[in-house]
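> Protein chains in written order, with my numbering: chain A, 1 to 469; chain B, 1 to 310.
The reader is advised that the hints may include incorrect statements.
[Claimed, not checked] From chain A, some residues computed to sit far from chain B (all C-beta separations above 10 Å):
1) 143
2) 144
3) 179
4) 288
5) 425
[As the list claims (entries may be wrong)] If we take Cβ atoms under 8 Å as the criterion, some of the chain B residues that face chain A in the derived model are:
6) 231
7) 255
8) 259
9) 261
10) 262
Honestly, the hints are just simulated from the structure, not real lab data. The C-beta atom is built at its ideal place from N, Cα and C for all residues, glycine as well.
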Amino acid sequence: MIAAASPGFLVAAGVLATIPVALHFLARRPPARAALPTARFLTEDPRTLLRFQRKPMDAALLAVRLAFALALGAAFAGLRWMPERSGAVRVVLVDAGADPAVAWADAADAVRAVDGMAPVGGSEDGAGADTEVVIVVAYGLDEGARVVDPADLDGIERGARPATAEEGLRALRKAAAVGGFAEAEVTWVGRPSWHAWSPGLGLMRSQLWPGRMELRPIPVDAAVSVSAEAAADAATTPVAWLVNGTEGNALQRAIEALGGQVIRTAGPADWIFAADVDAASLLPLMDHVRGGSTLVVSGRMSGDVADLPWVVDERTSGAAHLVLPGDRTVGSPVGRLPGAPAAGARTVAIFDDATPAAAARSLADGCVVYLAADLTAPGLATAADYPSLIRALARGCGAPGSSGGPLDLPLDKPLDRGALRVLERPDLPGMVDVASLVAAGGIPLTRWLVLLALALLGLEVAMTRERRA
Amino acid sequence: MPTPSTHRRSSVTELLPPVLLDGLGGLDLVARTIVRGFISGMHRSPFLGSGEDFSRHRAYQQGDDVRRLDWRLYGRTDRLYIRLFEEDSNLQAFLLVDASESMGFAGEARVTKLRYAQFVAAALAHIMLGSGDAAGLASMGGETRLHLPPRNRPGHLHDLLLALERLEPEGGQRASVVLDEVGGQLRRRGRVILLSDCLEDDDGSALLGAVGRLRARGDEVIVIRIVSRTELGEDDLGSGRYFDPEAPTETIDAVPGMDAGFRSRVTAYYDGLGRGIEEAGAEYVPMTTDTPLVTALGQWLAARGGVGPR
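My request is simple: use the sequences and hints to build the entire structure.
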């Protein structure tokens, strides 16, 4: 199958091709005159083919010109050779990332329990495209993701860190493109907890996979409470230090509500919150960060700060809502400050148009977090999810699946109903047209078509050179 | 029975096609080559004794034309004498070459009619001047040009061949006009040799009239008609838009190869013209440009009595 990126050029090629056809029939070349001194003795013969005298070369020349016009149009149309696709496949997506709450054997059993499970490549009776084909894709492995044989599930070594649903969806797209299937449906096997969530997942979900996923949760015998362990390990009450510029009562109340202690004197602290401060004021704070503190900076920056996980530019402006993990929108729209995450920084919050709103980057033993909005702005401070915002920022440089302390969200907590629906998306079709997902793939033909057009142009010039002479 | 010498002449004849001669170079060399092709068998000029005015007697020598024997004198004297006529000496001749536009046509022969006429004229000039006759050159095309008056003096042959070489096809003058002009140039009875394709814009009656006028003066007239086989319809021409080079604005859409009457009409024209010329007392010599010149000239001059085996 051949797909065109810009099919309009094919139409243009067809129009262009009509020109040599029209010229061929309209530009009638009168027969050549020949001298013959005894011409007076000739008899006029109107039956001759004089008026339509054409040489065999004319037809060949017309064919060359037609081919040139079509080849040129096809080259601009961005044709790609797409392998033929047929049949349907069910992809079983299994979370093979680290999860202490789930035994891998249980995960393997859950995969094998999926209806229609058959060996990779076809059903046991070897039937054709009408038989459901099932492939198993394990993601979250140390090497990324791969297709596995159900018979080899028990031997899989899980990844060292928890995997996100985003990783699974990206692995799903790649797996569906392989194998030449025309349609695919998905069954997701895993533990739907906040481990699987990543900022912006709700906005990216349908783009990553434009179909619904059938969720098959893995049974868990006992839930491990990260927050309880973290609380047991905590020796002292976490301290948050408010830097000048962050004296808003709302921030203080939020920290205290999360179980933290607020101080205002300089010194080591678990978290340091600074807002609308200049670069000179931040420099001494960096020493505390290197010692293990987490610095949360928000608001407009004056001056350059080398270790800030944010690069100021003029890209963004206006106001927007902040969106936290779980696709929870915080308060009213806030003024967004220009810039983007610096190299190596991780996005910890986004605006409602999926652009980054906050980024974090490690600095020695600590972490620097920057929020491209004013943390003390009234629109945020009065929001019901204000404490969740503080918590998300305080998590700092921790990986999405990691727990960062008493102010952190328990990642092993199951996804709420809203988050589950984001993963599942029951409003989307069950079968996804795989060809539409791989439209950018295939073998590009543009280069060969351009070469063909050039060769035809050279041939046309050679064929008409004698005439012009 | 062919003699070794004639057999050799046939071989030489085959090796001298007009195309080959065209590549030889100047007309002087061409003329010598042509004449040498048949002159070995020629022991006197082929242009002797065709006139009417008796000049004197000469004792018969072996090889003389027996038709010239004066039998009455033999009856009186018991000695053989031949009659010599006035033009046997101091003969004035004009070579009149048609250099009109139609003479630039070559056809399948690849040698133009003008070029062929130049070869023939050069050979004839060589023969006539070599025999002691006076020869001049005139041409017609856009206008009549009297290049050289009839003379026979050192360097005249060279000047004549040079003027002949410079002829280029142009124009479309009538041969009848030129014949009348040339005839006026001859102080006494002489010889006019016209080399032309004889394609007049009428049915040839004007040409025949001019020939008749020259004959009435007592001039000898030889019309050498030079055409290509293509013009005679003997080559297969395809469909096309044909035109006469001397009337280029008139075009005829035709297929000569499929025109059954084309060949017969051309032949009828030339046959009628030839009959008219001969009836006027002139000599008509048809030639085609694909015929080797030694063959064409040799056969003609042999018929005039100038060639014979040694």
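> Now look at each hint and say whether the structure bears it out.
Each hint, compared with the structure:
Under the 10 Å C-beta cut-off, the non-interface status given to residue 143 of chain A relative to chain B holds; the minimum distance is some 78 Å. With a cut of 10 Å on Cβ distances, residue 144 of chain A stays outside the contact zone with chain B, its closest approach being about 76 Å. No Cβ of chain B comes within 10 Å of the Cβ of residue 179 of chain A; the nearest lies about 65 Å off, and the non-interface call holds. Interface exclusion of residue 288 of chain A from chain B stands, the closest Cβ pair being 102 Å apart, more than 10 Å.
For residue 425 of chain A, the condition that its CB be more than 10 Å from all CB atoms of chain B holds, with the nearest at approximately 77 Å. For residue 231 of chain B, the interface hint holds, the least distance from its beta-carbon to any beta-carbon of chain A being 4 Å, beneath 8 Å. This hint holds: residue 255 of chain B has a C-beta 5 Å from the nearest C-beta of chain A, less than the 8 Å allowed. The restraint placing residue 259 of chain B at the interface with chain A holds, with a minimum CB-CB distance near 5 Å, inside the 8 Å limit.
A hinted interface residue such as residue 261 of chain B counts as satisfied when its beta carbon comes closer than 8 Å to some beta carbon of chain A; here the least separation is about 6 Å, so the hint holds. The interface hint given for residue 262 of chain B is met, as the beta carbon of that residue sits about 6 Å from the closest beta carbon of chain A, less than 8 Å.
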